[in-house]
Amino acid sequence: AMVEQALIYLPGTTDRPELSSCLLKSVAASTPFPTIGLSYCYLTSGDSFRNGKCQSLVPDYGLEEQINCLTEQHNDAIDGGTYGSTHFKEDGVTKFWETVDPANSITARVGSYCNIL
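According to the working numbering, the residues represented by the sequence shown are 439 to 555, in order.
Please keep in mind that the hints were generated in silico from the structure rather than gathered at the bench.
Okay, derived cross-link-like pairs now, SDA-like style, lysine to any residue, Cα gap no bigger than 25 angstroms in a straight line: (1) K533 / C479; (2) K527 / H512; (3) K533 / G490; (4) K527 / E510; (5) K527 / P497; (6) K533 / D485; (7) K463 / Y551; (8) K533 / N513; (9) K463 / G549; (10) K463 / Y478; (11) K463 / D453.
Please model the complete structure; the sequences and the hints are all you need to start from.
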């Protein structure tokens with residue numbers, strides 16, 4: 439039989455599903471459909487650090503680029519991308535965050551999970 443619904447828990451970008459195992463077990467026990475905590479390619483620094491990196495763009499490129507950077511950090515995690523690996527801190531060496539391979543993106547992993555169901 440085809441599964442019509444599933445609950446997919448996405449932890450924060452620097453968190454892991456196993457840290458929410460009690461929550462996942464409780465939800466799974468109380469819902470009639472499959473429940474999974476989805477691990478995905480995490481961006482390599484926490485939200486506040488990435489936000490600070492994006493804010494560092496304002497003096498040279500303006501507020502619009504900060505907004506674009508904040509958007510791109512989520513796009514990289516959701517669909518995969520290279521924005522973070524092509525932008526650097528003031529030292530000119532440290533990447534904002536690593537490249538996210540599209541195969542490790544949230545979109546790809548949700549698709550893989552749905553194919554298993």
